Every structure is written in C-alpha cells, then in structure tokens.
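Protein chains: 4
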Amino acid sequence: MPLSWNRYGKSRVRLVKIKRAAAQHELVDLTIDVQLEGAFEKVYIDGDNSACHATDTMKNTVYALARQDPIDHVEQFALRLADHYIVKPAVTRVRVAATEHPWTRLRSHAFVQAGGENWTALVTRDAQGAEIVSGLTNLVVLKTTDSAFCGFPRDRYTTLPDAGERILATSITASWTYRSSEVDFSARERIRAALLDTFAAHVSRSVQHTLYAMGEAALSACADIAAITLALPNRHHLLVDLKPFGLDNPSEIFVATEQPFGLIEATVTRTKD
Amino acid sequence: MPLSWNRYGKSRVRLVKIKRAAAQHELVDLTIDVQLEGAFEKVYIDGDNSACHATDTMKNTVYALARQDPIDHVEQFALRLADHYIVKPAVTRVRVAATEHPWTRLRSHAFVQAGGENWTALVTRDAQGAEIVSGLTNLVVLKTTDSAFCGFPRDRYTTLPDAGERILATSITASWTYRSSEVDFSARERIRAALLDTFAAHVSRSVQHTLYAMGEAALSACADIAAITLALPNRHHLLVDLKPFGLDNPSEIFVATEQPFGLIEATVTRTKD
Amino acid sequence: MPLSWNRYGKSRVRLVKIKRAAAQHELVDLTIDVQLEGAFEKVYIDGDNSACHATDTMKNTVYALARQDPIDHVEQFALRLADHYIVKPAVTRVRVAATEHPWTRLRSHAFVQAGGENWTALVTRDAQGAEIVSGLTNLVVLKTTDSAFCGFPRDRYTTLPDAGERILATSITASWTYRSSEVDFSARERIRAALLDTFAAHVSRSVQHTLYAMGEAALSACADIAAITLALPNRHHLLVDLKPFGLDNPSEIFVATEQPFGLIEATVTRTKD
Amino acid sequence: MPLSWNRYGKSRVRLVKIKRAAAQHELVDLTIDVQLEGAFEKVYIDGDNSACHATDTMKNTVYALARQDPIDHVEQFALRLADHYIVKPAVTRVRVAATEHPWTRLRSHAFVQAGGENWTALVTRDAQGAEIVSGLTNLVVLKTTDSAFCGFPRDRYTTLPDAGERILATSITASWTYRSSEVDFSARERIRAALLDTFAAHVSRSVQHTLYAMGEAALSACADIAAITLALPNRHHLLVDLKPFGLDNPSEIFVATEQPFGLIEATVTRTKD
Numbered sequence: 003m004p005l006s007w008n009r010y011g012k013s014r015v016r017l018v019k020i021k022r023a024a025a026q027h028e029l030v031d032l033t034i035d036v037q038l039e040g041a042f043e044k045v046y047i048d049g050d051n052s053a054c055h056a057t058d059t060m061k062n063t064v065y066a067l068a069r070q071d072p073i074d075h076v077e078q079f080a081l082r083l084a085d086h087y088i089v090k091p092a093v094t095r096v097r098v099a100a101t102e103h104p105w106t107r108l109r110s111h112a113f114v115q116a117g118g119e120n121w122t123a124l125v126t127r128d129a130q131g132a133e134i135v136s137g138l139t140n141l142v143v144l145k146t147t148d149s150a151f152c153g154f155p156r157d158r159y160t161t162l163p164d165a166g167e168r169i170l171a172t173s174i175t176a177s178w179t180y181r182s183s184e185v186d187f188s189a190r191e192r193i194r195a196a197l198l199d200t201f202a203a204h205v206s207r208s209v210q211h212t213l214y215a216m217g218e219a220a221l222s223a224c225a226d227i228a229a230i231t232l233a234l235p236n237r238h239h240l241l242v243d244l245k246p247f248g249l250d251n252p253s254e255i256f257v258a259t260e261q262p263f264g265l266i267e268a269t270v271t272r273t274k275d
Numbered sequence: 003m004p005l006s007w008n009r010y011g012k013s014r015v016r017l018v019k020i021k022r023a024a025a026q027h028e029l030v031d032l033t034i035d036v037q038l039e040g041a042f043e044k045v046y047i048d049g050d051n052s053a054c055h056a057t058d059t060m061k062n063t064v065y066a067l068a069r070q071d072p073i074d075h076v077e078q079f080a081l082r083l084a085d086h087y088i089v090k091p092a093v094t095r096v097r098v099a100a101t102e103h104p105w106t107r108l109r110s111h112a113f114v115q116a117g118g119e120n121w122t123a124l125v126t127r128d129a130q131g132a133e134i135v136s137g138l139t140n141l142v143v144l145k146t147t148d149s150a151f152c153g154f155p156r157d158r159y160t161t162l163p164d165a166g167e168r169i170l171a172t173s174i175t176a177s178w179t180y181r182s183s184e185v186d187f188s189a190r191e192r193i194r195a196a197l198l199d200t201f202a203a204h205v206s207r208s209v210q211h212t213l214y215a216m217g218e219a220a221l222s223a224c225a226d227i228a229a230i231t232l233a234l235p236n237r238h239h240l241l242v243d244l245k246p247f248g249l250d251n252p253s254e255i256f257v258a259t260e261q262p263f264g265l266i267e268a269t270v271t272r273t274k275d
Numbered sequence: 003m004p005l006s007w008n009r010y011g012k013s014r015v016r017l018v019k020i021k022r023a024a025a026q027h028e029l030v031d032l033t034i035d036v037q038l039e040g041a042f043e044k045v046y047i048d049g050d051n052s053a054c055h056a057t058d059t060m061k062n063t064v065y066a067l068a069r070q071d072p073i074d075h076v077e078q079f080a081l082r083l084a085d086h087y088i089v090k091p092a093v094t095r096v097r098v099a100a101t102e103h104p105w106t107r108l109r110s111h112a113f114v115q116a117g118g119e120n121w122t123a124l125v126t127r128d129a130q131g132a133e134i135v136s137g138l139t140n141l142v143v144l145k146t147t148d149s150a151f152c153g154f155p156r157d158r159y160t161t162l163p164d165a166g167e168r169i170l171a172t173s174i175t176a177s178w179t180y181r182s183s184e185v186d187f188s189a190r191e192r193i194r195a196a197l198l199d200t201f202a203a204h205v206s207r208s209v210q211h212t213l214y215a216m217g218e219a220a221l222s223a224c225a226d227i228a229a230i231t232l233a234l235p236n237r238h239h240l241l242v243d244l245k246p247f248g249l250d251n252p253s254e255i256f257v258a259t260e261q262p263f264g265l266i267e268a269t270v271t272r273t274k275d
Numbered sequence: 003m004p005l006s007w008n009r010y011g012k013s014r015v016r017l018v019k020i021k022r023a024a025a026q027h028e029l030v031d032l033t034i035d036v037q038l039e040g041a042f043e044k045v046y047i048d049g050d051n052s053a054c055h056a057t058d059t060m061k062n063t064v065y066a067l068a069r070q071d072p073i074d075h076v077e078q079f080a081l082r083l084a085d086h087y088i089v090k091p092a093v094t095r096v097r098v099a100a101t102e103h104p105w106t107r108l109r110s111h112a113f114v115q116a117g118g119e120n121w122t123a124l125v126t127r128d129a130q131g132a133e134i135v136s137g138l139t140n141l142v143v144l145k146t147t148d149s150a151f152c153g154f155p156r157d158r159y160t161t162l163p164d165a166g167e168r169i170l171a172t173s174i175t176a177s178w179t180y181r182s183s184e185v186d187f188s189a190r191e192r193i194r195a196a197l198l199d200t201f202a203a204h205v206s207r208s209v210q211h212t213l214y215a216m217g218e219a220a221l222s223a224c225a226d227i228a229a230i231t232l233a234l235p236n237r238h239h240l241l242v243d244l245k246p247f248g249l250d251n252p253s254e255i256f257v258a259t260e261q262p263f264g265l266i267e268a269t270v271t272r273t274k275d
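Protein chains in written order, with the working numbering: chain A, 3 to 275; chain B, 3 to 275; chain C, 3 to 275; chain D, 3 to 275.
Only chain A is shown next, with the shape it has when bound in the complex:
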C-alpha cells in the first residue's frame, strides 16, 4: 500500500545561548523542531535506513550551528537550519519551527521571565485568631555568572566535577508569615524586590547559599514578617559537549532540562529581639 505523505524529525530541542560581552550578557532561549519531507519510502516500507538522517543528528546540528553562527533573530537561525538540511539527499522540504521564550533583563547578567507568576495568601483561622502567610510562586529567574558549586563530598557514585562557573536558574516560590494581621500587605512588593535583587547580586556557592541570602534580605526588607520559606528548584542547564564536532564551548551553548531537578527548601527566621 502506498505511503501518500510522510514527515519526520526531532521535536523540542532546548537551546540556551549566552553571549558574554564585557559590559553585559545576552541570553537567547529557544525550543526547536526540525522536520524533513522527501523520498523516504524505502525507510518505511523496506526498513532501509540508508537515507534516514537520524533525528539525534538533528539535535546535534542545532547545538553545533548555534555555536558557529550568531543568533540575532530566531527567524535567522531557523533559516540557517533549513538551509543546512535542504541540500541533503532525499530531502525535498524542511520545516523548522522555533519558539523563543523571552526574558527581561534584571541587571547585566541576570534575567527574569514573565511566566505565570502568582501571588498567594493563606489564612488559617481558629477561635483564637488568624495566621497569615503570604507569598509568590513561579517567579522565574536566571543568572549567567557568579554561580559556582565546588568542594562537595565525593563517594563512589559521584561523577559531577567542581563547577567554578555555571548557569543558575530557578522558579522562586516564597511564603512569609506576618507577625500580626494588622500589617500593610503591600509589603509584598518590597519582599519581591529584595528577593530579585539578592538573586541577581549574590556571588553564589550553591543554591542553598543563595537561598539563605535571599531569605535574609527579605526579612531585612520588611519588619512585619517573622519568617520566610523559600523553595528553589535548580533548573539545570547542561553545557553541551561540542568537541565531537571540532568545536569548543566556552560556557556559551547549553541544554535547558526539566527533569530531574534539584530542589532546595528552607525557612529563615528572624532572630528574637
């Protein structure tokens, strides 16, 4: 029976590229699908793969071309990928769908992503009175430098090398307990600013280290809160190994991953006066 249409490729290739200029860093965050149409009947009908470009190679090609060419606009990079594949044997049509996830600059090398941030309030009331815990969730931030993770213990299952420089990305969930229900609830803005400023400015030795600094800054920013709990998933960005393609990768081309992720949680409490 004839094959009347076919298309195949790799979907959801996650690419983060950082351009490290002296004054400030630029960040491009893309999800890319590459798809080919062409004379691939023998692949389907006969199980003959001699014309079947591996989708794994498409993924590699995304990272290798991202290292070699500037990405000023997502359209330009999608065109570059399409030009690469249209000259391959059997290919008659290339479809590249790219999605850019925009970030807003916080400072020279820190960014925030508008992505469904919500503000929370939890009131627990019994006969004695009410406890009020306010917070925010899904405040997504990333910094391109001033983050390290070194000197941790090593056992027989440890393979992670010390990292003097890495991307630090997280989605902040914070909740703080008010000392009474007679406070100015617009404190949320000050606490939010303290969290963002500290994330951006801190010279981080671990997510835990930055979490503590953020908690301390929030308590300092608002005298009305007694404690703050932070949950910081570590959204790992893995440096791509480009050596097989004869390319170096000076902290420039990363895979953004969703799972597994580290999860760091703690409560910082105000010292009793």
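Be aware that one or more of the hints could be misleading.
When chains are identical, the list treats them as one kind, so a pair holds in a single copy or across two.
As the list claims (entries may be wrong) - In silico EDC-like pairs for lysine to aspartate or glutamate, Cα to Cα no more than 20 angstroms straight-line:
(1) 21 x 260
(2) 90 x 128
(3) 19 x 250
(4) 245 x 148
(5) 21 x 218
(6) 90 x 133
(7) 90 x 58
(8) 245 x 226
(9) 21 x 71
(10) 21 x 254
(11) 90 x 186
(12) 21 x 199
(13) 44 x 164
(14) 19 x 226
(15) 19 x 43
(16) 90 x 157
(17) 90 x 28
(18) 44 x 243
(19) 245 x 28
Calculated from the structure, these hints are not laboratory results. Being a predicted model, the structure only gives us computed values, none of them experimental.
Since the structure of chain A is already known, use the hints to place chains B, C and D on it.
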C-alpha cells in the same frame, strides 16, 4: 473505626472583581479555596448532613462577600471569608487559600497578563526558497468595557441575551507571513504593539470585529508582512447572579471560566498594490 | 483589506449522557468543538452580527440534540450536529471535532476511567527506623446512581437544593501507613479492590459518607495498615436545564465541570486492639 | 538569622528497569525524589559545601542501586535508597518519594499503559456531504526488544551509534478516513487491536518501519477505511552508563526522557481496487 483527621471545602472558586471608577477601572483576579475542619464525624460516619455546610454555599459566599466588601489586598479578603466561617456551628478551623493572578495596565480599562508569552517562527524551505511565518502566542489581555455582542440571529436553542457591555478577555495567538526572507525581523515589536493598542482602543461589537481591526492594524504597522492570522479564544467571564442574596451586580462580580470557550480565527490579507 | 479565511465556533463543550436502562446504565462522555466557515465578512469588517450564530447557541444545541437523539457512536452525533448547522444561512462548511473519553464498567452503574493512575510510596527514614506510606493517585471513578446530598444546613447564601439522586465522580488519591516495614507490599491490590468495590456499592449520602466507608473497607481488607487517608475531589456534573427548549431532562444530560470542585479529605484509623 | 528548617535533594529521577527472563520481560517504571534533612547550616550560611552531598550523586545512586538490587516492590527500593543515605555524615532524616507508573502486558515483551487514551471523530460537512475521520490519541506502548536502528547516514554532526537492540516507546495517535458515512463505526475496536498487535509483533528497523506496518495492518483489518495517518513520537529511553561505578548495564537500566523526542508521521493509503 475513628476518624482521626478531616477537612473539606470548595477549591478553585474563580473570582474577577472590577471597580469602575470614572478615570479608570481596577481589576482583581483571584482563585480561592475555602476549607473547614471541625466536629464533622456524624457527616462521615452516619451520613447525617445536618452540620455539613454545602461547598456550593462556600462558592456563593465568595461572590456575595466580594460584592459587599472592598478587596484592597487578597489577604484582607481571605481574612473576611475566614471570619465568616469560623462562627458556624461545628467549625473549629478555617483555611482560606487565595491566589492572585496579577495584571498590568495597558490603558484606563485594558490589561495584559504576563503568562508565558512565546514568540514563534516557522520556516518552510524547499528547492525554490523559504517561506517565513513569525508570530506570538499566549499574549493574554482583558478589557472591562467597550465590548458588546448584540443583534445575532436567534433560533429555538438560543438563550443568550444581547449584551451591550461585557468583559472581553482572550489569549492572542498571531502569525504573520513575511513578503521575503530579507526583512527586518525586529518588526515583531511593532506588530505586537499594534495588536495590543488596537485591542485596548477598539469599540468591539464582537470578537470577530476586534480581530479584524487588530489584523488591519498589524498590516498597517509593518509593510513587510503580506498577511496575518489571528486566533482569539473568547475567555468568557460570566456575571454572577447575586439576586438570591438580595444584592445587585452592576457589572462588578464575574466568574472567569475556562471551558467551553468561543474560538474565533481569521486571516487578514494585504490588498494587492 | 480582505478577509482571506475565517472560522469560528465553540470549543470544549463537555457532555455526559446517561442512558438508564433497568439492568444497567450506559455512559457517554464527550468533549465537542463546533466550528463554522462561511460568508461572515460583514461580522468581521462591519461589526454586523445579523448572520453571526452565537457560540452560546452552539453549546445549547449540543445539549438539546443529545437529549433528543441516541448516541450510539461519537461519529453519529458529530454528523447530527454538522447536519444541523450546514443548513443555516451564510454557513458553507461545518467542522465538528468530538473526543470520547472511554470508561470501563465496574458494575451495573459504576465506572472507572483509565487515566494516568499512579502508585506511590513515601519512605521517611531517621536513625530510629523507617515509616512507609504507600498509596495511589488519579484513580478516576463515577457512579450514576445511589448518590444523594440532602439535609445540609441553609444560610442566606445557600441556593443548592436537596439532591436525592446525583452523579458522583471523583479522582481517588489514597495513602496508607504500614504498621511495619516487614509486610507484604502486594497489599496494594487488595486495598485498591476494596476502594473500588465500596465506591461502586455504597449508598452515598455525601462524599464524606462514602469516603469513610471506603476507608473502613480498606482497613478491613488489609491488617497490615494502621490508617488510611483519602482525598476525594467532587467532580461536579451539573444537570442541564433543557426547559427553554421545551425538553425535560430526567437525569440524563449533564455538563462535566472541572472547577470549582469540592474537596473532601480525611484519615480513618484502626481502633487500637 | 537562624535557619529553622531545611531540606534538599533531587526530584523526578526517571528510572526504567527491565528484567530479561527467557520467557518474558518484566518492566518497572519509576519516578523518584530523594530528599535529605540534617545539619546543613554551614552550606546555607557560609557557602561551605563540605557536607553537601550533590543532588547529581543522588541521581547516579538511584541508577547504580537499581542495577545491583532487585525491585520487586517500589517500597523496597525506596527503603534501599533511604538506608543508603541515612548513614551519611550530617544527615538526620531521609525522605524518598517514589511513584510507579503501571504498565499492562500485551505480550511477552510488549506493554501498554493506561494513560488518558481518547477516541476522536472529526466530521467536515459542506453542501455536498460529509467526510468522517475517526481516530484515537494517547495510546501509550513500549516494547523491550525487537527494535533496532542501524545503517543511517553519518555526517560531521552524527554521534549516535548503530543500535541493534533498543527500547521502543511511543504514544500512538491515529486517524483514519472512512470511505462513506454509512459504515459501522465500531470498526474502531478492530483497528485499535491491529495497531497494538502489530506494534508488539513487528521486528522494527526504525519507528518509520513499524509505523508503516501498523498502518498496513489497520487498512487490512477494516475494509471501510481509505487511509490512515499515524503520528508516533519516539519516547527515547537512554541506556545509563554505569561504568564509572564499576557496573555493567546489559540493556537493563534506562532513563526515560520527555524531550527532545523524535516525531514520525505518515499516511498509508489503500491501493485503488
């Protein structure tokens, strides 16, 4: 066998409240969970509902109190709900969890919500050349006035009354085709601004009517695009009937719904020169 | 500027239809999108709605036709809707997309839906030893009869009438604590069966009432567990009011809703021996 | 300011373990979170990582222990992990949360996962008549053998080795066009069975190869359909490299990944009679 712990209530009550001052409108958008703990053993063990406050009543209470009290801060409204329920028979503890979905003002009565907006590019390449379609998705907007839907045909299954005034809310997906691959792709910013400005300013007789105006504005804003396709889901906000509680509702208290939704799609094309 | 393509309609109309035969009940669970194409230029360009069939009417039409016609196959019902709309003025093309959510029969009027059920285990270990809590999530069930909710307290915000007969649907989350870590963990199957059997057989006066019976049955089924916690969201199915269309609705046509939902949680503990 | 509570670890470690007995294969599919509590103040406050077991090591530990110990019950494996970590310096409490994703056997080495399968129908109606396309989505299947991918072209960006044996996992979306609207729509069951049987039995040289065989089988199973389109995402299961831990991995321990994924789509059409 004993019941060692119990809690029940209503989750995900969606509330949108609009305060219509002369100069500009204020918008509060909340999702609320109300939960009760207390001496409810007879409900569980004996099927005796005489102490079981209906969760449906909790939902009604959210809307009725929202009409009667100002909502300056989400914490304040959560406290108000907790105070209402703590005095009910059998209740020993009330838990109110409220989430505020923040909006940013576009103009006096139009708003945009940062919620995962993405920018898209689709390149289709064959031996002859490339077609480039760029776009954006998930640009969420809402206007509190200047939107009507009247004069539509009525058949035996029509119950919707004419609406001279309603909330208009949507999540914009737009995609536009460039006339060539040699254009300035930063046009995205101009097109985005034209879409937002037109959404905010248009005196709308239907989603279709506003879609067309948005498409026309985008084509006017950028000579490099040949056509634009818009998909506008109509995120219905239903006016709550507060009459059973002896209250009016002058276009102030709404339920935000997710499904079903209207879906309006069309392509506006540039007239050949 | 010309409109080169347009389409509009209502998406995600949720329909549950129950056929109540004496021996057993049949259940059809659909999500339907209705979309029209045609000569609607005046709607978009001039804001003239005289040809714009309201999407709200499409929703009503789904429910009214579902009452009047049998639904033996989803294709048949989609055809029926398409036939209804193709004869309307201005319409040149109707597109009906329907999704059926299949259910498996548990007994004559109870059903289970395969939908991502997971099995959980939580081990908490300190220097003294380990606590083991096992469970399951997302076990979706529905019964078409033997569920009531009557006799609850009424205040000024109560509008819900007593319901002698209603659909009861939930997604079971259960977790049970083992008495030691030296037990047979295949107990999960017996506990799962006890939960399903009791849900199906119980004559329910409230979700709380059924939750307790399920918890008691699980404890009886497995001597190795000390306590069980159940969380049962009440997935409301609302009877559609068909009177505006001159039709009755003898507990046959329902809207399945996702939010708000009731949420009932409790722990049943084994009496100390 | 004091740290009043802290907890950290790795979340969403995806593990698939296959036990290859002669008669049939066993499949265990888990998602695991490992979390530690303890005396970690210096990590947070001083940025001293000397007691901070890396979350990356936790991930490695999951895979290494999974190779060394049988997993008869998810509880047993969670206990094993907790025992491993409770003896580490500074750790006072270990929390292991594991979720098992159950699979149902299709044949000796093929499985199906109940996970939200839906049945679809799309009717397109114009003045001439109706076209009916039926289908199914989200039918998740996996086979542990009889799947290879070899002999594909290699360019400078190709690193994938030939694989004579790999896991093949996909979520089937199928849609077929009926030759008329006067057919027996219960054909869905026969088509579904043909797709599952062929997936399980086919000796696969590529996803494309199996797709074609499935399409051909569906057309043979039902004379009423003219064509079938299949979309098969390739849900990659990556063999874990256990050599750093002095362990081999004879196609037994895999990471299940969600992105990127291959996507293979094609239409098989009945030869005109």
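Hint by hint, here is what the structure shows:
1. Neither within a single protomer nor between protomers do residue 21 and residue 260 lie at most 20 angstroms apart by alpha-carbon distance, with minima of 23 angstroms and 28 angstroms respectively.
2. Proximity of residue 90 to residue 128 under the C-alpha cut-off of 20 angstroms is restricted to the inter-copy arrangement: shortest distance 11 angstroms between copies versus 71 angstroms within a copy.
3. Within a single copy, residue 19 and residue 250 get their C-alpha atoms as close as 14 angstroms, which meets the 20 angstroms cut-off; across copies the closest is 35 angstroms, which misses it.
4. Taking the shortest alpha-carbon separations for residue 245 and residue 148, neither the intra-copy value of 25 angstroms nor the inter-copy value of 33 angstroms comes in at or below 20 angstroms.
5. Taking CA atoms no more than 20 angstroms apart as the test, residue 21 paired with residue 218 passes in neither setting, with 32 angstroms inside one copy and 37 angstroms between copies.
6. Only between protomers do residue 90 and residue 133 lie at most 20 angstroms apart by alpha-carbon distance; the minimum there is 19 angstroms, versus 66 angstroms within a single protomer.
7. Taking the shortest Cα distances, residue 90 and residue 58 sit within 20 angstroms of each other inside one copy (16 angstroms), while across copies they are farther apart (39 angstroms).
8. When the C-alpha separation of residue 245 and residue 226 is checked against a cutoff of 20 angstroms, the pair qualifies neither within a copy, at 54 angstroms, nor between copies, at 40 angstroms.
9. Taking the closest pair of Cα atoms, residue 21 and residue 71 come within 20 angstroms of each other only inside a single copy of the chain (11 angstroms); across copies the shortest separation is 46 angstroms, beyond that limit.
10. Proximity of residue 21 and residue 254 under a CA criterion of 20 angstroms is satisfied intra-copy only: 7 angstroms inside one chain copy versus 41 angstroms between copies.
11. For the identical chains of this complex, residue 90 and residue 186 are neighbours neither inside a copy (65 angstroms) nor across copies (29 angstroms), given an alpha-carbon limit of 20 angstroms.
12. In this assembly of identical chains, residue 21 and residue 199 lie within 20 angstroms of each other by CA distance neither inside one copy nor across copies; the values are 22 angstroms within and 33 angstroms between.
13. Proximity of residue 44 and residue 164 under a CA criterion of 20 angstroms is satisfied inter-copy only: 18 angstroms between copies versus 48 angstroms inside one chain copy.
14. Proximity of residue 19 and residue 226 under a CA criterion of 20 angstroms is satisfied in neither setting, with 41 angstroms inside one chain copy and 28 angstroms between copies.
15. Taking CA atoms no more than 20 angstroms apart as the test, residue 19 paired with residue 43 passes in neither setting, with 37 angstroms inside one copy and 35 angstroms between copies.
16. Taking CA atoms no more than 20 angstroms apart as the test, residue 90 paired with residue 157 passes between copies only; the shortest distance there is 10 angstroms, against 47 angstroms inside one copy.
17. When the C-alpha separation of residue 90 and residue 28 is checked against a cutoff of 20 angstroms, the pair qualifies neither within a copy, at 33 angstroms, nor between copies, at 41 angstroms.
18. Taking the closest pair of Cα atoms, residue 44 and residue 243 never come within 20 angstroms of each other, the shortest separation being 33 angstroms inside a single copy and 33 angstroms across copies.
19. In this homomeric assembly, residue 245 and residue 28 never come within 20 angstroms of each other (Cα to Cα): the closest approach is 24 angstroms inside a single copy and 38 angstroms across copies.
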